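Top to bottom, those sequences are chains E and R.
This note's numbering puts the first sequence at residues 1 to 279.
This note's numbering puts the second sequence at residues 1 to 422.
Please note that a few of the clues may not be correct.
Pair by pair, the computed Cβ-Cβ distance ranges are [to be verified]:
| # | chain 1 | residue 1 | chain 2 | residue 2 | range |
| --- | --- | --- | --- | --- | --- |
| 1 | E | Val-108 | R | Ala-81 | 21 to 29 Å |
| 2 | E | Trp-112 | R | Pro-370 | 38 to 46 Å |
| 3 | R | Asp-52 | E | Leu-120 | 36 to 44 Å |
| 4 | E | Met-1 | R | Asp-110 | 52 to 60 Å |
| 5 | E | Pro-36 | R | Ala-81 | 20 to 28 Å |
| 6 | E | Ala-93 | R | Ala-81 | 32 to 40 Å |
| 7 | E | Gly-173 | R | Ala-81 | 48 to 56 Å |
| 8 | E | Gly-123 | R | Val-283 | 18 to 26 Å |
| 9 | E | Gly-123 | R | Gln-64 | 32 to 40 Å |
| 10 | E | Arg-199 | R | Gly-401 | 41 to 49 Å |
Below, simulated EDC-like cross-link-like pairs (lysine to aspartate or glutamate); rule was C-alpha separation at most 16 Å, straight line [said to hold, decoys possible]:
| # | chain 1 | residue 1 | chain 2 | residue 2 |
| --- | --- | --- | --- | --- |
| 11 | R | Lys-358 | R | Glu-296 |
| 12 | E | Lys-243 | E | Glu-51 |
| 13 | R | Lys-174 | R | Asp-153 |
| 14 | R | Lys-326 | R | Asp-69 |
| 15 | R | Lys-421 | E | Glu-133 |
| 16 | R | Lys-421 | R | Asp-212 |
| 17 | E | Lys-243 | R | Glu-319 |
| 18 | R | Lys-161 | R | Asp-70 |
| 19 | E | Lys-243 | R | Asp-70 |
| 20 | E | Lys-243 | R | Asp-110 |
| 21 | R | Lys-331 | R | Asp-70 |
| 22 | R | Lys-131 | R | Asp-103 |
| 23 | R | Lys-180 | E | Glu-133 |
| 24 | R | Lys-121 | R | Glu-373 |
| 25 | R | Lys-174 | R | Glu-237 |
Looking from chain E toward chain R, a few residues come up when the C-beta cut is under 8 Å (computed) [claimed, not checked]:
| # | residue |
| --- | --- |
| 26 | Ile-113 |
| 27 | Pro-116 |
| 28 | His-135 |
| 29 | Phe-138 |
| 30 | Leu-245 |
Calculated directly from the structure, the hints in this document are not laboratory data.
If you're wondering where the values come from, they're calculated on a predicted model, not measured in any experiment.
C-beta: ideal position from N, C-alpha, C; glycine also.
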Amino acid sequence: MVLPILLTMGGLVFYPLLSTAWDSLHRVNPMQAGTPFVGISNYTRVFSDVEVGQAWLNTFKYVVIAVFAETVLGVLAASLINQLKSGRQWVLAAVVLPWALPGVVSGVIWQWIYSPGPGLLNGLLVMIGLDYEGHLWFNDSTSAMLAVSVVHIWRMLPLTIVIVLAAMQSIPGDLYEAARMDGASRLVMFRNITLPLTRGAIAVAMTNATVSAFNLFDEAIVLARNSLETRPILLQIYLEAFKKLNFSYGMALSLMVTFISLAISLGYVLRIHRSTRLD
Amino acid sequence: MHLPKSDLVFAFSVVLMAITSGIALADDAKPFAGQTVSVLLPSPQDANMAADFEKATGIKLDLQTASWDDVSVKISTALLAGTAPADVTEFDWSWTGQFAAADWYTPLNDTVDAATLDDIKGSTIFNVNGKVLAIPYTNDFRVMLVNKKQFADAGVTVMPKTLDELVAAAKAVKAKGIVKYPIGLPLSATEGASTSWYLLTKAFGGDLFDKDMKPLFTAPDSAGYKAMAFEMMLLKEGLVDPASTGLKDSEINETLFAKGLTSIMISGEPGRLGAYNDPAQSVVAGQVQAIPIATESGKTRSFGLLEGLGIPRNAQNPEAAKEFIKWMTSKDYQIHNYANGVLPTRTSALAELQQQGKLVSGEALVEQAPTVEALFPSGAPAWYPQFSLAVNTSINSAAKGEISVEQAVQRIAEAAAEAVKQ
Numbered sequence: 001m002v003l004p005i006l007l008t009m010g011g012l013v014f015y016p017l018l019s020t021a022w023d024s025l026h027r028v029n030p031m032q033a034g035t036p037f038v039g040i041s042n043y044t045r046v047f048s049d050v051e052v053g054q055a056w057l058n059t060f061k062y063v064v065i066a067v068f069a070e071t072v073l074g075v076l077a078a079s080l081i082n083q084l085k086s087g088r089q090w091v092l093a094a095v096v097l098p099w100a101l102p103g104v105v106s107g108v109i110w111q112w113i114y115s116p117g118p119g120l121l122n123g124l125l126v127m128i129g130l131d132y133e134g135h136l137w138f139n140d141s142t143s144a145m146l147a148v149s150v151v152h153i154w155r156m157l158p159l160t161i162v163i164v165l166a167a168m169q170s171i172p173g174d175l176y177e178a179a180r181m182d183g184a185s186r187l188v189m190f191r192n193i194t195l196p197l198t199r200g201a202i203a204v205a206m207t208n209a210t211v212s213a214f215n216l217f218d219e220a221i222v223l224a225r226n227s228l229e230t231r232p233i234l235l236q237i238y239l240e241a242f243k244k245l246n247f248s249y250g251m252a253l254s255l256m257v258t259f260i261s262l263a264i265s266l267g268y269v270l271r272i273h274r275s276t277r278l279d
Numbered sequence: 001m002h003l004p005k006s007d008l009v010f011a012f013s014v015v016l017m018a019i020t021s022g023i024a025l026a027d028d029a030k031p032f033a034g035q036t037v038s039v040l041l042p043s044p045q046d047a048n049m050a051a052d053f054e055k056a057t058g059i060k061l062d063l064q065t066a067s068w069d070d071v072s073v074k075i076s077t078a079l080l081a082g083t084a085p086a087d088v089t090e091f092d093w094s095w096t097g098q099f100a101a102a103d104w105y106t107p108l109n110d111t112v113d114a115a116t117l118d119d120i121k122g123s124t125i126f127n128v129n130g131k132v133l134a135i136p137y138t139n140d141f142r143v144m145l146v147n148k149k150q151f152a153d154a155g156v157t158v159m160p161k162t163l164d165e166l167v168a169a170a171k172a173v174k175a176k177g178i179v180k181y182p183i184g185l186p187l188s189a190t191e192g193a194s195t196s197w198y199l200l201t202k203a204f205g206g207d208l209f210d211k212d213m214k215p216l217f218t219a220p221d222s223a224g225y226k227a228m229a230f231e232m233m234l235l236k237e238g239l240v241d242p243a244s245t246g247l248k249d250s251e252i253n254e255t256l257f258a259k260g261l262t263s264i265m266i267s268g269e270p271g272r273l274g275a276y277n278d279p280a281q282s283v284v285a286g287q288v289q290a291i292p293i294a295t296e297s298g299k300t301r302s303f304g305l306l307e308g309l310g311i312p313r314n315a316q317n318p319e320a321a322k323e324f325i326k327w328m329t330s331k332d333y334q335i336h337n338y339a340n341g342v343l344p345t346r347t348s349a350l351a352e353l354q355q356q357g358k359l360v361s362g363e364a365l366v367e368q369a370p371t372v373e374a375l376f377p378s379g380a381p382a383w384y385p386q387f388s389l390a391v392n393t394s395i396n397s398a399a400k401g402e403i404s405v406e407q408a409v410q411r412i413a414e415a416a417a418e419a420v421k422q
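Given only the sequences and the hints, what does the whole structure look like? Please build it.
Spelled out as structure tokens, the structure:
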């Protein structure tokens with residue numbers, strides 16, 4: 001029974017992973033003959049590579065901004081949608097729409113929104129009397145990073161909402177009824193009933209948000225191209241492997257991203273597990 | 001009238017022979033008829049290319065186009081994965097070292113004859129150790145493009161020969177309120193920002209590297225340093241649109257210059273002159289002309305960025321691919337394709353266009369052509385893509401005020417040293 005799963009996982013996950021790990025210990029560059037063993041030099045090189053260091057820093061900023069915003073806004077949005085008595089499916093369908101769009105399409109849509117000339121965002125800000133005529137959102141590293149983050153959050157927030165909303169809908173109504181009879185306010189009910197009973201779902205959503213923020217690529221390359229100030233680690237990996245042809249260095253970086261994002265995600269899961277276990 | 005049976009058989013045989021020999025002749029002329037060849041090139045290309053090619057050779061053409069930067073990505077990712085992105089692809093001058101080292105392309109020594117290579121002077125740029133890896137199809141060198149009507153409206157009657165005169169002309173256009181940002185200059189982290197800086201480095205009388213590939217652009221009095229400082233000055237003075245930090249060169253050409261929103265393309269492509277002066281494609285038709293590159297000294301200089309056609313080693317249909325290359329680099333097609341903004345690489349085609357009076361700004365092109373130099377006289381090095389990436393990301397950061405010019409040139413020099421070391 002487990003053989004198909006083992007074969008699938010082995011062929012599509014473990015073999016490529018091990019093969020990548022093995023290649024990352026060699027010099028793999030199509031411009032150079034042979035693939036000599038180089039030990040962990042592709043990993044230690046990270047510490048002296050300024051561009052890679054900047055890309056890591058940018059990525060950690062994306063992760064912090066995206067995970068915080070997606071979690072807070074996702075839980076709030078799920079709570080509001082959970083209150084709806086009718087038309088919930090329509091609201092949910094509309095909310096999910098950005099998630100259904102490919103990252104490149106989201107990037108192009110927001111490119112128009114951020115456009116300095118006829119852009120929607122500057123137009124709205126000017127309309128309410130602010131001096132944003134021709135404002136360039138990508139000529140300042142902080143606003144550029146926030147602009148890219150907003151697009152990523154816009155695209156990934158629906159998934160958090162769906163995960164948390166599903167958990168909220170499984171909470172028995174009796175609990176809220178009993179709390180109301182005891183005089184509990186909405187805020188107290190949210191803190192003492194909703195949050196504890198959706199922690200597992202929130203951990204899953206945060207894990208997903210973390211992994212997807214580490215994988216941020218489309219939005220950054222469409223909106224800011226190869227700009228160093230907004231370049232995430234995945235774009236750096238792409239440039240190392242496909243532009244500079246440092247294939248094994250790209251592999252080492254890819255494995256680092258995989259393990260760091262998994263380690264952080266594991267941290268959420270263990271923390272939530274400890275705080276929600278029955279014993 | 002009754003013909004003897006033997007005569008009838010003879011007549012029928014003659015007709016049959018005539019028909020079959022006709023078919024055979026047709027087959028000889030179009031030996032690959034019915035096959036399909038896939039081609040990947042930067043946009044724009046001739047809308048009728050597929051129909052014209054099929055008519056000429058009987059081969060169906062599956063043409064894919066995208067911007068130069070996107071084509072570059074598609075080609076390198078496919079080649080690294082061990083697959084051919086198409087049977088025939090773009091082969092830029094700057095890829096020669098890298099692609100030759102990786103042995104990704106089929107030598108084309110047997111595809112074109114010696115007379116053709118002699119007619120296409122720049123073909124040596126794709127010759128690595130005797131292997132011709134690509135055949136140049138577009139004669140891309142740099143001139144400056146100006147909107148002469150906007151110049152005239154601003155009272156600029158003499159075309160600039162020096163960079164000071166160029167800045168003065170731009171300021172005059174701006175002062176008259178004709179356009180807000182008179183100079184088109186890409187400053188995004190894309191290849192166009194790199195090539196503009198290379199050109200300005202030459203305009204300031206210098207080169208990028210010495211013969212030992214040591215950077216020549218880090219000292220404040222070097223041409224490369226002055227070129228970058230010049231770019232930042234243009235931006236600071238409001239002569240270049242600050243939004244250029246996010247625009248590719250093709251976008252500046254198509255959305256600013258072709259719409260009359262900017263007056264000068266510093267790193268102009270002569271091939272675009274035809275399209276700019278076509279009322280169907282441009283609102284500045286009849287207003288655009290090429291001028292030789294203005295320089296610090298007044299003595300013009302330029303460099304070539306030839307683009308060729310190559311066949312990846314894993315191409316599915318290499319024979320039909322060779323037919324496409326022969327057809328696209330033929331004299332007749334090059335003359336025809338000039339109307340689509342592709343400047344011929346054949347000397348004979350250029351001469352014929354000039355004789356016919358069809359070469360837009362022919363005098364300027366003829367004056368600029370002998371001054372065209374190779375950016376890397378001994379061929380583009382294998383580490384060029386790393387160097388170019390460092391150049392355009394550093395220019396982009398400097399243009400956004402994130403780093404100084406000094407930091408930018410240092411960063412480029414360090415990246416070049418690192419790339420050479422590998």
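Okay, the hints, checked on the actual structure:
Checked against the hint of 21 to 29 Å, the pair Val-108 of chain E and Ala-81 of chain R passes, with Cβ atoms roughly 26 Å apart. Checked against the hint of 38 to 46 Å, the pair Trp-112 of chain E and Pro-370 of chain R passes, with Cβ atoms roughly 45 Å apart. Restraint check, Asp-52 of chain R to Leu-120 of chain E: a C-beta distance of roughly 42 Å satisfies the suggested window 36 to 44 Å. In this structure the hint that Met-1 of chain E and Asp-110 of chain R lie 52 to 60 Å apart at CB holds, the actual value being about 59 Å.
Checked against the hint of 20 to 28 Å, the C-beta distance between Pro-36 of chain E and Ala-81 of chain R comes to roughly 22 Å, which is consistent with it. One distance hint, 32 to 40 Å for the beta-carbon pair Ala-93 of chain E and Ala-81 of chain R, holds here, with the actual separation near 38 Å. As the Cβ distance of Gly-173 of chain E to Ala-81 of chain R is approximately 54 Å, the hint placing it in 48 to 56 Å holds. With their beta carbons about 24 Å apart, Gly-123 of chain E and Val-283 of chain R fall inside the hinted range of 18 to 26 Å.
The hinted window of 32 to 40 Å between Gly-123 of chain E and Gln-64 of chain R holds, with their beta carbons roughly 36 Å apart. Arg-199 of chain E and Gly-401 of chain R have their C-beta atoms about 45 Å apart, which keeps the hinted 41 to 49 Å range intact. At most 16 Å may separate the alpha-carbon atoms for a hinted pair to count; Lys-358 of chain R and Glu-296 of chain R exceed this at roughly 31 Å. A threshold of 16 Å between alpha carbons decides the hint, and for Lys-243 of chain E with Glu-51 of chain E the separation of about 14 Å falls inside it, so the pair holds.
Among the hinted pairs, Lys-174 of chain R with Asp-153 of chain R is consistent with the structure: their alpha-carbon atoms are about 11 Å apart, no more than 16 Å. For the hint pairing Lys-326 of chain R with Asp-69 of chain R, the CA-to-CA distance comes to about 25 Å; that exceeds 16 Å, so the pair is violated. With a C-alpha separation of about 47 Å, the suggested pairing of Lys-421 of chain R with Glu-133 of chain E is violated against the 16 Å cut-off. The straight-line distance between the Cα atoms of Lys-421 of chain R and Asp-212 of chain R is roughly 13 Å, inside the 16 Å bound, and the hint therefore holds.
Our distance criterion of 16 Å between C-alpha atoms is broken by Lys-243 of chain E and Glu-319 of chain R, whose separation comes to about 29 Å. The straight-line distance between the Cα atoms of Lys-161 of chain R and Asp-70 of chain R is roughly 35 Å, outside the 16 Å bound, and the hint therefore fails. Note on Lys-243 of chain E and Asp-70 of chain R: the hinted pairing holds, with a Cα-Cα distance of about 12 Å set against a maximum of 16 Å. A hinted pair counts as satisfied when its Cα atoms are at most 16 Å apart, and Lys-243 of chain E with Asp-110 of chain R does not qualify at roughly 30 Å.
Taking the CA atoms of Lys-331 of chain R and Asp-70 of chain R, the gap is near 29 Å; set against the 16 Å cutoff, the hint is violated. Of the supplied pair hints, the one linking Lys-131 of chain R and Asp-103 of chain R holds, its CA atoms being roughly 11 Å apart against a limit of 16 Å. With a CA separation close to 14 Å, the supplied pair Lys-180 of chain R and Glu-133 of chain E stays within the 16 Å bound. A C-alpha spacing of about 12 Å is found between Lys-121 of chain R and Glu-373 of chain R, which places the hinted pair at or below 16 Å, so the restraint holds.
Under the criterion of a C-alpha separation no larger than 16 Å, the hint pairing Lys-174 of chain R with Glu-237 of chain R is consistent with the structure, at around 10 Å. Below 8 Å, beta-carbon pairs count as interface contacts, and Ile-113 of chain E has none with chain R, the closest being about 14 Å; its hint is therefore violated. The interface hint given for Pro-116 of chain E is met, as the beta carbon of that residue sits about 5 Å from the closest beta carbon of chain R, less than 8 Å. Violation of the interface hint for His-135 of chain E is found here, the shortest Cβ-Cβ separation to chain R being roughly 10 Å, above the 8 Å cut-off.
Look at Phe-138 of chain E: its Cβ gets to within about 5 Å of chain R, closer than 8 Å, so that hint holds up. Hint status for Leu-245 of chain E relative to chain R: holds, with the closest Cβ pair at about 7 Å, below 8 Å.
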